[in-house]
Amino acid sequence: MALLPYVVAYAALGVFAVAIVARIFFWLRLPMHLRWELYPVAHEASKAHYGGSYLEELDWWKKPREKSLVGELKMMVPEILLLVALREHNPKLWLRSFPFHFGLYLVIACTVLMMVGGVSNALLPSLLSGDLARLWQWAVVACGATGLTLGLLGAIGLLLRRLTTPALRSFSSAGDYFNLLFFIVTFGLALITFVVVDRDFAQASLLVHNLVTFDLAALPASGASQLLPQVTAALLGVLVAYIPLTHMSHFIGKYFAYHAIRWNDAPNLRGGPEEPVIAGLLAQKITWAAPHIKGGGTKSWVDAATEEAPK
Amino acid sequence: MKEPTGFKDFSRAVGPLAHVEITDQVPLPPPFDKLEAEPQVKPLSDKAREKYEVLDDTIAVSIPKPATPADEERLVATFLSGLRKLFEPNNNWTFLQPLLMSMEHCAKCHTCSEACPVFMESGENELYRPAYRSEVIRRLYYKYVKQASTLVHGDIDLNWRTVSRLIELAYRCNLCRRCAQTCPIGVDNALLAREIRKIASQEMGIAPKEIHTTGSVLQQKVGSSTGMNSLVVKDNVDFIDEDTSEKIGFEVKTPWDVEGADILLLHNAGEIMAWPENVGAFAAIFNKAGLSWTLSSELAAYDGINYGVWYDDVQYARTLILHAKAAAKLKVKKVVIGECGHANKAYSVIADKVLTGDLNIPRENGMVLLLDILKSGKIKLDPSRNDFPVTLHDPCNLVRLMGIVQPQREILKLIVPPGRFREMEPHGVHNFCCGGGSGFAIMSGHNFGDWRHHFPGRRKFRQILEAFGNEPMDKEHPKYVCAPCSNCKGQIRDIISYYNAWETAGIHYGGLIELVINAMVDAKPGYVDWEWH
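Residue numbers (my numbering), protein chains in the order written: chain Y, 1 to 311; chain U, 1001 to 1533.
Read the hints as simulated data drawn from the structure, not as lab findings. Be aware that a few hints might be false.
[Claimed, not checked] Quick list of in silico lysine-lysine cross-link-like pairs, BS3-like style, CA-CA up to 30 Å:
(1) Y:Lys285 with U:Lys1221
(2) U:Lys1146 with Y:Lys285
(3) U:Lys1380 with Y:Lys62
(4) U:Lys1143 with Y:Lys285
(5) Y:Lys63 with U:Lys1413
(6) U:Lys1524 with Y:Lys63
(7) U:Lys1002 with U:Lys1034
[What the hints assert, rightly or not] Far from chain U, some chain Y residues (derived; all Cβ distances over 12 Å):
(8) Leu13
(9) Leu153
(10) Leu160
Note that CB positions come from ideal geometry on N, CA and C, so glycine has one too.
Next comes chain Y alone, as it looks inside the complex (with noise of 0.2 Å):
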């Protein structure tokens, strides 16, 4: 039993990045598509501020193209932090996920604290000591009650307003509930735990510090206090390990959505590398049945984009 937060826990880091790697093969193994890009394209450097492109240039083909690392740094992190095109398309649900979002991104930065917290203790004890390790502390308590609480809050935002707005909810289905319901119970615990048995984080600190050490030692606890800090462990290694295999892996799929598709701008100029894998996509045979194509499996691309119309 004293072993089962230590075993959820690593499989649960298991499966989470195991997911992700897969989704992101996922996602760069499929096929070029056809450019589908959506202004404005954010490192189109001195237009972006407008939504221009390097297609508003004479001959643009003969110029050096301007893209800007900067312009892309400077939309997604507002984006990725404080959900801005939420905030002014979706006020009154931003108001909800916003805190949810902001409360998951404070949890992280919890535990990532307490691991490096773990791994220093570990390799240089004195690093971490006095004021620093109180510091430290800190905001360890400080992003995990803060994060547990506005995700908390957030996810039951996010429920009552699904279930109390009919467009919402009629778009909705049990998985969709189930996976607020999810948050909300397993914050809801570890928030009761952060109050009831380990306001200063002592318990969930020498968790991560046993994991990222290796140290399988049971946790210093008894009864109720035992129960709590090891069912939250076991219910956030759960989380962690669900999300990634649902639709919420979308933090992953944002990043292809910008670059693979909406900020896809790069042209395919003549003698370029893209020309050879776009005559290998051309190349292949088709199957689609309709009268005017009659792919059959037997024409490729080309044949039936070069076949004869009929006189």
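Starting from the known structure of chain Y, arrange chain U on it as the hints suggest.
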């Protein structure tokens, strides 16, 4: 108002799922602010209601109701077959990644809803919520392609009604992608509407006749969706040259099939038929600027349209190859595409990952070249000739989908007196569609013309009225809606006619290059024709 209450209705309810009364809509600005005075969508005929499955107040595709259970099964089976093919890399490499992104990550938050002109002008009818059709196809995908749990992803029945209604519903979207701009995650409802259209066309052979049979098929067969073959088009352009020469006071001659010319100019052939002044203006300015240019009389190469971008990747590729082969045959240095939004997008951006080798000749938007000509000083301009209020409609394909925003504005600064230009709000990449996007401008079967004016077109009309809000609204004070796109121009012409806006408020329309000629010192004044046509 009648609207669906969820997704069971979509497959189970009998009869139309939605009906919008004029009183459900928000009044337009003055002088069109009396709802009861607005034209109404004419009711569908009893014959049409009997023959076709009716989704709402109109019919775009005309899918006959199945006559027998076997017909019903066939409709469902071919749809399902097409749905599966959408997710096969060989059959749909063209859009597989964007499609999966939109299938798998929607949070069903409705952040996109208010971006949609159809949804907003319908009084927020649930059927037109941009995520509604997406959710239908998404549920079908999870249930029938991935065979995943309906508890997790939501349930929907698949029967002939689901299929007919979904295909019809795919033609209630202008594919303007305004909703996609708002999505925090990157879900693209317009793309999903287009993918549904692809299932219908590429697998089931179902598409509105205006964009398929008398659209892309006719273009590939005869050379133009207008029905003009190369002889007729040359005759017509000769006539345009003569007419333009007379109108502007110096000779205009359009060169044809000049091998080795620097530029192949590609017009939407609809301009030749409906707006010859646009074609004449290009010829006059290109000649005056001393450009080396030509038109092509090769099959389809004198008509820059490519309706495939709205509904069918194979049809798209076929027309594209005809355009690219004509350019390669003439050995031009670049292709310049005139005032047609979808032609620009089709041949410039989307074609980018199709054309290789000799066919991969650079493409450029006509307004970019026009701005360069005007900046060079080769054309002397007198903006006072355009001393009337001008507003600019931004074609979605040029701004939101290509990022061409400033050249048209810089041109207007050169040809319109200070204080006469007013922006629509919103404008640029955040513009609203004219209401004719994705083929709607050329679709008028049954009462579809009324529908498109009454929903997406009404939002554009609202914007136009707001832009001219401080002007006297009568015919004695003419105002110009500049729409540098053939389909947008057609739609705006139809909206103005539908609401009688020329007679009532003096609102007229036209392209951009016509205003340039109108301000050209070397041309006789009065190129813009204020007589309604």
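* Against the earlier hints, flag every one the structure doesn't satisfy and list their numbers going up. => The structure breaks only hint 6.
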